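S.K.: Using the sequences and the accompanying hints, generate a full structural model.
There are 2 protein chains.
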Amino acid sequence: MAAANHPRVLVDGKAVEVMPVSDRGLHYADGLFETIRMCGDKAPLWSRHMARLDRGAVRLGLPAPDLELLAHECTRVSAGRSTSVCKIIYTRGSGGRAYVAPDNPRPLRVVMSREAPPLARIELAVTFCRTPLAISPALAGLKHCGRLEQVLARRELAGSDFGEGLMCDAAGRVIEATSANLFVLHDDIISTPDLAKAGVAGVMRELVMEILADQGCQVSESTLEKHDCRQARALFLCNAVRGIMPVTRLESKDLEVPQLVEKLSCKVETILSGG
Amino acid sequence: MAAANHPRVLVDGKAVEVMPVSDRGLHYADGLFETIRMCGDKAPLWSRHMARLDRGAVRLGLPAPDLELLAHECTRVSAGRSTSVCKIIYTRGSGGRAYVAPDNPRPLRVVMSREAPPLARIELAVTFCRTPLAISPALAGLKHCGRLEQVLARRELAGSDFGEGLMCDAAGRVIEATSANLFVLHDDIISTPDLAKAGVAGVMRELVMEILADQGCQVSESTLEKHDCRQARALFLCNAVRGIMPVTRLESKDLEVPQLVEKLSCKVETILSGG
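Chains A and B supply the protein sequences, listed in that same order.
Numbering-wise, the working numbering comes out as the position in the first sequence, counting from 1, plus 6.
Numbering-wise, the working numbering comes out as the position in the second sequence, counting from 1, plus 6.
Do not rely on the hints blindly, as some may be mistaken.
Because identical chains cannot be distinguished in the list, a pair is counted as satisfied if it fits within a single copy or across any two copies.
With a straight-line cut-off of 30 Å between C-alpha atoms, the simulated DSS-like cross-links for lysine-lysine are [claimed, not checked]:
{"#": "1", "residue 1": "93", "residue 2": "149"}
{"#": "2", "residue 1": "93", "residue 2": "20"}
{"#": "3", "residue 1": "149", "residue 2": "20"}
{"#": "4", "residue 1": "259", "residue 2": "273"}
{"#": "5", "residue 1": "269", "residue 2": "20"}
{"#": "6", "residue 1": "259", "residue 2": "93"}
{"#": "7", "residue 1": "273", "residue 2": "149"}
Because the hints were derived from the structure by calculation, they are not lab data.
Only a predicted model underlies this, so the values are computations on that prediction, with no experimental measurement involved.
M.R.: The following block contains the structure:
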């Protein structure tokens with residue numbers, strides 16, 4: 007019964023689980039979100055998440071979020087949990103006239119907590135989804151609330167033994183998994199898809215690139231096709247909630263997990279565990 | 007005070023103005039909407055709206071909407087209004103695990119009413135917006151809840167005397183206006199952009215094509231570039247709420263309104279007025 011003392015959802019700071027039906031987040035996906043792994047009341051990647059949220063707000067013309075307030079609210083909803091995931095949704099709020107945004111938007115702030123999945127290593131089989139990702143230079147990189155393509159792609163995996171699906175954009179370029187970024191290892195180079203036209207610029211992707219660069223291993227942001235993945239020596243996925251997810255099978259082909267990925271995985275696990 | 011007797015918003019049939027914050031419409035734009043002009047308690051384009059909603063539900067894997075119930079609810083929220091606009095939002099509801107949709111979704115149904123704008127002829131100046139529309143074969147044609155690009159494009163027009171903006175997709179093809187479909191008249195042909203990869207397949211667009219075909223005037227669904235618009239004899243926009251909107255200026259160029267458009271406009275006005 008301890009959990010009952012802690013609100014798990016805050017809407018504009020109030021411990022309620024409802025929101026105005028007029029909100030532009032619902033009507034137009036006019037908002038942003040972040041999904042943040044917490045270790046107790048600490049969020050090891052907090053500053054990266056907030057930097058992205060800030061950049062997104064600038065792109066959408068939203069008032070800058072109050073980061074201290076968000077930090078306080080994430081702590082409140084995750085109270086009593088040793089590990090958890092906080093989701094922040096930050097929309098343009100209500101008002102305006104159809105697509106015409108209000109001049110002085112009053113954003114809606116939703117902060118919610120759920121239990122975190124374990125960081126234990128997953129044996130991840132992946133395949134390619136048929137649902138194409140939009141080529142959307144206006145929204146590429148942003149973690150905005152319009153994620154219907156990911157939902158449709160995920161539906162393709164139902165009943166299969168694939169734990170994730172890789173998504174290509176409408177021109178056939180491999181971009182990311184439904185909820186993770188992709189890294190592709192060939193013998194002499196590590197690549198990750200360029201996200202200028204599609205995809206979400208994950209904070210874990212950013213961290214991984216920095217860690218690898220620190221080790222003298224520059225990651226190339228490239229245009230990748232399916233055959234680049236099929237010919238790869240190894241693949242891994244990553245996101246801010248699960249860390250590094252080595253791919254052990256792509257379609258029907260088994261893949262090794264190189265030592266570099268094992269080491270990276272340990273390092274990221276340590277970071278996400280607050281170490 | 008009469009209006010106080012009639013709910014203007016129904017959420018799953020209840021006269022409330024809040025909804026669960028867990029709804030997938032908010033989280034992922036995992037839903038559809040329709041914006042329907044009402045004349046008293048009649049919706050002249052009802053069957054077209056419902057056919058599109060039905061098709062959208064099939065595409066997204068949502069349970070078929072209960073059309074009788076929706077009709078009843080649209081009548082309830084528009085009671086006492088001689089003309090109005092009903093908006094229906096139909097989402098996948100709550101549940102599932104992140105992008106993974108629930109196996110047996112229980113959709114959320116929002117039905118709301120507002121006053122209708124007059125059908126009087128508008129002198130419409132339009133320009134091209136810089137915000138590109140996504141090339142999204144998975145979602146093209148659907149009236150889904152992800153409309154952030156339209157919101158951003160609309161922001162470009164703030165403070166200008168342009169009443170609407172034309173949007174091109176990421177490859178530079180002209181697709182539609184922010185909240186209307188486009189028709190382009192050259193001397194011997196009427197064209198409207200092909201919507202296989204981007205855009206919303208408007209019910210008014212469909213009606214206009216049928217009316218013109220009945221008059222022996224076949225509309226060509228084409229790939230159109232900006233210069234096709236700039237060299238056109240005339241342009242008009244249309245949607246289900248405003249009917250036909252002749253463009254009287256494109257950027258700095260004044261445009262005539264041909265008799266064909268005047269007649270079409272009258273005909274559509276009669277239909278939308280319940281005639």
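S.K.: Next step is simple, just say for each hint if it's right about the structure.
M.R.: Against the structure, the hints:
Taking the closest pair of Cα atoms, residue 93 and residue 149 come within 30 Å of each other both inside a single copy (12 Å) and across two copies (27 Å). In this assembly of identical chains, the alpha carbons of residue 93 and residue 20 lie at most 30 Å apart whether taken from the same copy (15 Å) or from different copies (28 Å). In the homo-oligomer, the alpha carbons of residue 149 and residue 20 lie at most 30 Å apart inside one protomer (24 Å), although the nearest pairing across protomers, at 33 Å, exceeds that limit. Taking the shortest alpha-carbon separations for residue 259 and residue 273, only the intra-copy value of 27 Å comes in at or below 30 Å, while the best inter-copy value is 61 Å.
In this assembly of identical chains, the alpha carbons of residue 269 and residue 20 never lie at most 30 Å apart, being 42 Å within a copy and 55 Å across copies at closest. For the identical chains of this complex, residue 259 and residue 93 are neighbours neither inside a copy (35 Å) nor across copies (49 Å), given an alpha-carbon limit of 30 Å. When the C-alpha separation of residue 273 and residue 149 is checked against a cutoff of 30 Å, the pair qualifies only within one copy, where the shortest distance is 25 Å, while the shortest distance between copies is 44 Å.
Going down the numbered hints, you'll see the structure goes against 5 and 6, while the others check out.
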